[in-house]
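Asker: The chain contents come next:
2 protein chains.
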Amino acid sequence: MCAAPRLWHASPAMIDIPRADPRAGLSCEVGGHLPQKPGTFEVLAREGDARAGRLWTAHGPIDTPCFMPVGTYGAVKGLDPDDLREVGSQIILGNSYHLGHRPGPERVAGLGGLHRMMAWDRPILTDSGGFQVFSLRGLQKLDDAGVAYQTHFDGSRHRMTPESVLRTQAALGSDICMILDHCPPGDADAALMRAAVDRSTRWARQAIALRPEILAPTQLCFGIVQGGTDLALRRAHLAELAALPFDGLALGGLSVGEPIPAMHATLAEIAPQMPAERPRYVMGIGTPFDLLAAVRAGVDMFDCVMPSRHARNGQMFTFAGRLNIRQSRFRDDSTPIDPDCACRACRRHSRAYLRHLHEQNDPLYGRLATIHNLFFFHQWVGALRAAIRQHRFGEVDRLFSSIIAQFYQREPQVTSKPRREPVPAAPPG
Amino acid sequence: MCAAPRLWHASPAMIDIPRADPRAGLSCEVGGHLPQKPGTFEVLAREGDARAGRLWTAHGPIDTPCFMPVGTYGAVKGLDPDDLREVGSQIILGNSYHLGHRPGPERVAGLGGLHRMMAWDRPILTDSGGFQVFSLRGLQKLDDAGVAYQTHFDGSRHRMTPESVLRTQAALGSDICMILDHCPPGDADAALMRAAVDRSTRWARQAIALRPEILAPTQLCFGIVQGGTDLALRRAHLAELAALPFDGLALGGLSVGEPIPAMHATLAEIAPQMPAERPRYVMGIGTPFDLLAAVRAGVDMFDCVMPSRHARNGQMFTFAGRLNIRQSRFRDDSTPIDPDCACRACRRHSRAYLRHLHEQNDPLYGRLATIHNLFFFHQWVGALRAAIRQHRFGEVDRLFSSIIAQFYQREPQVTSKPRREPVPAAPPG
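In order, the protein sequences belong to chains A and B.
Be aware that the first sequence starts at 1, since it is given in the working numbering, and climbs by one per residue.
Be aware that the second sequence starts at 1, since it is given in the working numbering, and climbs by one per residue.
What the hints contain is simulated information worked out from the structure, not anything from laboratory work.
The structure presented is a predicted model; accordingly, all values stated were derived computationally and were not measured.
Even for Gly, the Cβ is constructed at its ideal location relative to N, Cα and C.
Among the clues, some could well be false.
[Unchecked claim] Stretches of chain B that chain A covers, calculated by requiring three or more beta carbons in the stretch to come under 8 Å of a beta carbon on chain A:
{"#": "1", "segment": "68 to 75"}
{"#": "2", "segment": "109 to 123"}
[What the hints assert, rightly or not] Taking CB as the label site, the calculated pair distances span:
{"#": "3", "chain 1": "A", "residue 1": "ASN324", "chain 2": "B", "residue 2": "ARG46", "range": "50 to 58 Å"}
{"#": "4", "chain 1": "A", "residue 1": "ARG157", "chain 2": "B", "residue 2": "ASP340", "range": "56 to 64 Å"}
{"#": "5", "chain 1": "B", "residue 1": "ARG157", "chain 2": "A", "residue 2": "ARG157", "range": "24 to 32 Å"}
{"#": "6", "chain 1": "A", "residue 1": "ALA342", "chain 2": "B", "residue 2": "ALA145", "range": "45 to 53 Å"}
{"#": "7", "chain 1": "B", "residue 1": "ARG398", "chain 2": "A", "residue 2": "ASN324", "range": "57 to 65 Å"}
{"#": "8", "chain 1": "B", "residue 1": "PRO212", "chain 2": "A", "residue 2": "GLN406", "range": "51 to 59 Å"}
[As the list claims (entries may be wrong)] Which residues of chain A face chain B? A partial, calculated answer using Cβ under 8 Å:
{"#": "9", "residue": "TYR73"}
{"#": "10", "residue": "LEU79"}
{"#": "11", "residue": "ASP80"}
{"#": "12", "residue": "ARG102"}
{"#": "13", "residue": "PRO103"}
{"#": "14", "residue": "ARG107"}
{"#": "15", "residue": "ALA109"}
{"#": "16", "residue": "LEU111"}
{"#": "17", "residue": "GLY112"}
{"#": "18", "residue": "GLY113"}
{"#": "19", "residue": "ASP332"}
{"#": "20", "residue": "LEU357"}
{"#": "21", "residue": "GLN360"}
{"#": "22", "residue": "ASP362"}
{"#": "23", "residue": "LEU364"}
{"#": "24", "residue": "ARG367"}
With the hints as extra help, turn the sequences into a complete structure.
Answerer: Structure follows, in structure tokens:
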């Protein structure tokens, strides 16, 4: 926290972030627009490759660049819909692997769909569940038509196909559905990477063919580009997927164990080549520094478990770096986590009290900490979005690159870690 | 839940409960009164022994009869101050034993006191911690001056005296402080009961003598009447304590393992004999049926961990009896816990979703369930309070006695259980 004084001078508060009006029916920041057809994507401002826009879904618009909190099981752990609105979430992520088994797609549909079940009336994007199934090492068997697997819940056997993941997401009622892709680990060899790309293309074509029959017309469908950090392979796969009529394209297979510089190089090279008229989504990243790099490369959407998971582990994000609330030096600290932060935790509570709640295993700790970290991520991406709209992104990028890098790039690991919801290595029993 | 239709006809919604205005600075229901000196107690309505009143503290008034949720460690588990306001809590309980060791009275004082630490600006009552120390079987040694004990936290050795508990509560800044008493188990023999009463009287006199020096003039101090279910002993102890200038008197040593009929008989006999011009508090009870019996006997204040602890275990209170949300029959149940309930959980979420959150160990479950149960308890006591004010308590008592008894009296146990925050039997290590 030593460089704090320097950082307060460069706070994102310098950039006026238009706030969403929580009383308005829509989640977006800028009003006065008639609702648009789901899938409509408007680029409102550009600066270099970076862009600010708006994507319309059946549950309203989202302002891009946009950070999406992860609500694996139909809740962002410990937060209710009001908390999510309060921190500024416009869209959240659900996971088809988890929800597909607990409580199950038919059950969610019977409860009126995922939105109704969790009382969240803003957009929801659902992952296909493929990432989770491919992380079940030794418990999955791949073939050309799909992947057979045993769940980590109870070891029961199931099969996932390009069709089944769409059917699950149709039942959940997601606004944005992701197709099944083959996501190899970051250290996979070239042959596996190549095979994964070919398989993912075949599955993508199947998904496009099946979509009209399975998904509602208001449900968007995104393709996923693989290819690891092999730029030629990435470009080839991108060209294949860009030719298909997806509503948006995602970069998968990043932050899965590859070296961080290679991840950033891939982002910088590939993202600007993705179709400009459609939203671009990078799955499962990342640190505040990763988000800056992705926005610079023209990415519009991100999701990451980092803010919520780190919060539960005591790690708090601030613009002066992370702090670990479990440290004993906070025992008598009556200041908030971040004196400049306007979140519920910082407006009211001291570091000492949060530390005390953490020590006592009080679930209030997890809620307040998650609220703080999500607020930080939304503020950060909101500041970048506002900067692009004001044609000040270059200035903000220069100002923050060194500072954010100082605090968030030099993390102990040199290879990226999976930032999406993982599953345990072996099923119970 | 079979008798539900009958019960909806007798819902407390029939009785108009004036709601606190959350925007007002004061917590009480009826405005238009100038703030009164802490300790001022007004009885506003009487019907039989039952009475409705208002007690003023340094942090505003509470409307009596009043239910106080238990926030052992400086939080009602998982709830933040807005949640407590939303469910209708006017005052909460803290525990000096727990807070005295974690995080410690000096630390709480350094953070501005318990109110500031937890950002709760309404009244707080703190227990002396004596009940917890006497529950440390085998780890405490009693003498005339106090009790030596080892904590359940780390086995460290400490001493609790009539003076030390007041000093702890002075540091916490509680609005209502409880004195140290000797609370024997419900099955203690007559000699021990007698000795406990004598010791409690001596300690009460010491507390009264020490109070001006230790407590702030705005901190109220309540005495505690012991004597188990021996009515003669209770009367004798009551007479001794009533002679001392406490701001209010409590009945301790109930719901500590004695037979439930004996507890109710003691309540019915002793409560009406407590000084009428001062608030009456029964510690650590109870079920909705117990509360009705206590209000009928003229008790003004109650605290109990039952609503919050039962919530975490899946037990939900409704006016048609308890339901256990873990049961598989709720798996596809799209109705709220209680269709007539206006709490945050019932307004928005289904039994199926709450069950799903419970299955996934999502902390949002605990928060929503605790909100529901506390809302139920506050609605129930609020309905009794409104009935007394409208001189309809007799009518309501008759209407509900049979129904509430049907659902809440015939519980499996025949002896009462400790309803205050217990401590484990042995320290770690």
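Asker: The structure should be examined with respect to each hint, and the outcome stated for every one.
Answerer: Against the structure, the hints:
| no. | hint | result |
| --- | --- | --- |
| 1 | 68 to 75 | holds (count 3) |
| 2 | 109 to 123 | holds (count 6) |
| 3 | A:ASN324 with B:ARG46: 50 to 58 Å | holds, 57 Å |
| 4 | A:ARG157 with B:ASP340: 56 to 64 Å | violated, 44 Å |
| 5 | B:ARG157 with A:ARG157: 24 to 32 Å | violated, 57 Å |
| 6 | A:ALA342 with B:ALA145: 45 to 53 Å | holds, 51 Å |
| 7 | B:ARG398 with A:ASN324: 57 to 65 Å | holds, 59 Å |
| 8 | B:PRO212 with A:GLN406: 51 to 59 Å | holds, 57 Å |
| 9 | TYR73 | holds, 5 Å |
| 10 | LEU79 | holds, 7 Å |
| 11 | ASP80 | holds, 6 Å |
| 12 | ARG102 | holds, 7 Å |
| 13 | PRO103 | holds, 5 Å |
| 14 | ARG107 | holds, 6 Å |
| 15 | ALA109 | violated, 11 Å |
| 16 | LEU111 | holds, 5 Å |
| 17 | GLY112 | holds, 7 Å |
| 18 | GLY113 | violated, 11 Å |
| 19 | ASP332 | holds, 6 Å |
| 20 | LEU357 | holds, 6 Å |
| 21 | GLN360 | holds, 5 Å |
| 22 | ASP362 | holds, 5 Å |
| 23 | LEU364 | holds, 5 Å |
| 24 | ARG367 | holds, 7 Å |
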